[in-house]
Amino acid sequence: MRRVLAMAIVRIAAIILPASHRDWSRAMVAELAAIERPGAALAFALGCLGAALKQAVSVFSPTRGRALGILCAIGAVGLGWAYLIAAGAPLSHLVLNGAALAIGLLAIGILRDAGRIWRAMGGGIMVALAGIILLTSLFGISASGVTRWLAVGGVMLQPALILVPVITLGFARAPGRASLLAVLITAAGVALQPDRAMAGALAAGMAALAFYRPGPAVLVALAAAIAAFAATLAQADASPAMPFVDQIFFSSFGVHPLAGLAVLAGAALLLLPAIAGARRDADNRPIHLLFFMVWFGVILAAALGNHPTPLVGYGGSAILGYLLSLLALPPYVEGRIAGQSRAPGEPESGAAGPDLRASLTLAG
Amino acid sequence: MTRTRSLSQQTRTILALMADAGSEWLHGYELCRRGNIKSGTLYPMLMRLEQQGYLVADWQAAAEPGRPPRHAYRLTAEGRALALANPPAEAAPALGAPSGTPA
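For the protein sequence lines, the chains are A and B, in the order given. If you count the first sequence from 1, position 282 lands on 282 in my numbering, and the numbers rise without skipping. If you count the second sequence from 1, position 68 lands on 432 in my numbering, and the numbers rise without skipping.
Simulated from the structure, these hints should not be mistaken for laboratory data. The reader is advised that the hints may include incorrect statements.
Derived pair list, reagent style SDA-like, types lysine to any residue, alpha-carbon separation capped at 25 Å [what the hints assert, rightly or not]:
#, chain 1, residue 1, chain 2, residue 2
1, B, Lys402, A, Ala33
2, A, Lys54, B, Gln415
3, B, Lys402, A, Val29
4, B, Lys402, A, Pro18
5, B, Lys402, A, Arg11
6, B, Lys402, A, Ile12
7, B, Lys402, A, Ala40
8, A, Lys54, B, Glu394
9, B, Lys402, A, Gly39
10, B, Lys402, A, Arg2
11, A, Lys54, B, Pro408
12, B, Lys402, A, Ala86
13, B, Lys402, A, Ala282
14, B, Lys402, A, Ser20
15, B, Lys402, A, Ile103
16, B, Lys402, A, Tyr212
Only part of the chain B face toward chain A is listed, based on derived beta-carbon distances under 7 Å [as the list claims (entries may be wrong)]:
#, residue
17, Trp389
18, Pro432
19, Arg438
Only a predicted model underlies this, so the values are computations on that prediction, with no experimental measurement involved. Just so you know, even glycine gets a beta-carbon here, dropped at the ideal spot from N, CA and C.
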C-alpha cells in the first residue's frame with residue numbers, strides 16, 4: 001500500500017515539474033522503482049513532491065524575490081477570501097479576485113522573459129501606460145466626483161492602482177527622459193482624477209528613491225509626485241466606502257476577530273518581499289524600499305480613507321498591480337564571492353561566471 | 365556592501381561524495397543515503413549543478429533485469445574543482461559510509 005502511494009506521489013511530482021525538467025521527473029520515477037523498502041520509498045516520493053513544488057515556483061520566476069512575492073500575493077488573496085467568506089460577500093467577489101490572481105500569475109509567466117524588450121522599449125511602454133492613467137482621468141467612469149475607472153469587458157478596473165506601482169518601479173530601475181515623462185504624466189493623471197491613495201503612493205515611492213539616489217531626474221519626479229498629492233488633498237473626495245472594498249481594516253474585526261486578523265496578516269504579507277529584499281540585497285535596497293513605500297502607501301490610504309484595501313479586499317486591480325509590480329523587482333544579488341562586487345554597468349545577473357553563479361544559486 | 369555566502373553544507377557533502385566517486389556514476393537514492401540528505405533537497409541541487417555545468421547526467425541500464433533505466437550522475441572537471449574548493453565541514457558524514465534515514 002505504501003509503495004502504491006509512493007508511486008502515486010512521485011507521479012504527481014512528475015506532472016508538477018515543468019516540461020523542461022522531463023528527464024528529472026523520469027529520473028525520480030525510475031529511482032523510486034529501485035528502492036526496496038516501502039517506507040523509504042514513501043519518504044523519497046514525498047521529498048520529490050517537495051522538490052517539484054519548489055521547481056514549479058522557481059519557474060514562475062527565476063528570482064527568489066519575485067517567487068516570494070508571488071507566494072505572498074497568493075497568501076494575501078487567500079486570507080482575503082477567508083475574510084470575504086466570513087463577511088458574507090457574494091461568490092462573484094471571490095471569483096473575481098481569483099480570476100485576477102490567475103490572470104496576474106499568467107502575465108508574470110508570459111512577461112518574465114521580456115527583459116530584452118523592456119530594455120529596448122521600456123521608456124516608451126511606460127509613457128504609454130502613464131497615458132492610460134491620464135486618459136482615464138479625462139474620459140474614464142466617474143462616481144461621486146472622482147474619475148478613476150475604466151470598464152473592460154464588463155469589469156470596472158482602476159488603471160492607476162494597476163499601473164502606478166509598475167511605473168514608479170520602472171522609473172527607479174531605469175531612470176531616463178522617457179521614464180521621467182511617464183512619471184510626470186502619471187502624476188498629472190492621479191491629480192486630475194483625483195486619487196489621493198495613488199498620488200500618495202507615488203510620492204512615497206519617489207521620496208524613498210530620492211533619499212537614496214537624489215539625482216536631478218529623481219528630484220523632478222519627487223516634486224511632481226508631491227504636487228500631485230497636494231492637488232488631491234486640495235480637492236474634495238466624497239467617495240463613499242464600498243462594502244468589502246474600503247474600510248475593511250476596521251469593519252473586518254466587526255465580522256470576527258479572526259477575519260480582522262486575516263485582513264491585517266494579508267496586508268502585512270504584501271510588504272514581506274520588500275523587507276526580505278532590502279535585508280538580503282544591499283545593492284538593490286533602494287528598489288526594495290521603494291516597493292515597500294509604494295505598497296505601504298496604498299495600505300495606509302486604505303486604512304485612513306475610502307480607498308481599496310489591496311488584495312485582501314474585493315477588487316482585481318490591486319491584485320494585478322501587485323503581481324505586475326513584482327516583475328520590476330530585481331533579482332537578489334546576495335552571495336557574491338569575497339572581494340567581488342558588481343562593476344558599474346555590469347548586469348545584475350545572467351553574466352556571471354560559473355563560480356559566481358554557484359555562489360549565487362547554490363547557497364543556503 | 366555585498367555579503368559573502370558560501371555553498372551550503374549539504375551541497376558540499378554531495379560534491380564531496382561525487383568527487384570521491386571519481387568517474388563512477390552515482391544514482392539519486394544512493395546520494396540521498398550516503399549524504400543523509402532528503403530527495404526534496406537533493407534533486408533541486410542536482411538540477412542546478414547540471415544546469416551550471418558542474419555535473420553530467422546519463423541514463424543507464426538498471427543492474428536488475430526488468431527494472432527501468434536509471435538516471436546517473438558524475439562531476440565534470442569544473443564540478444571537481446568546485447568540490448575541491450568547497451570541502452564539507454568536519455561534521456559531514458564519512459564518505460562512502462551509508463548512514464541515517466534514507467530519502
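Quick one: which hint numbers does this structure break? Sort them smallest to largest. 12, 13, 15, 16, 17, 19
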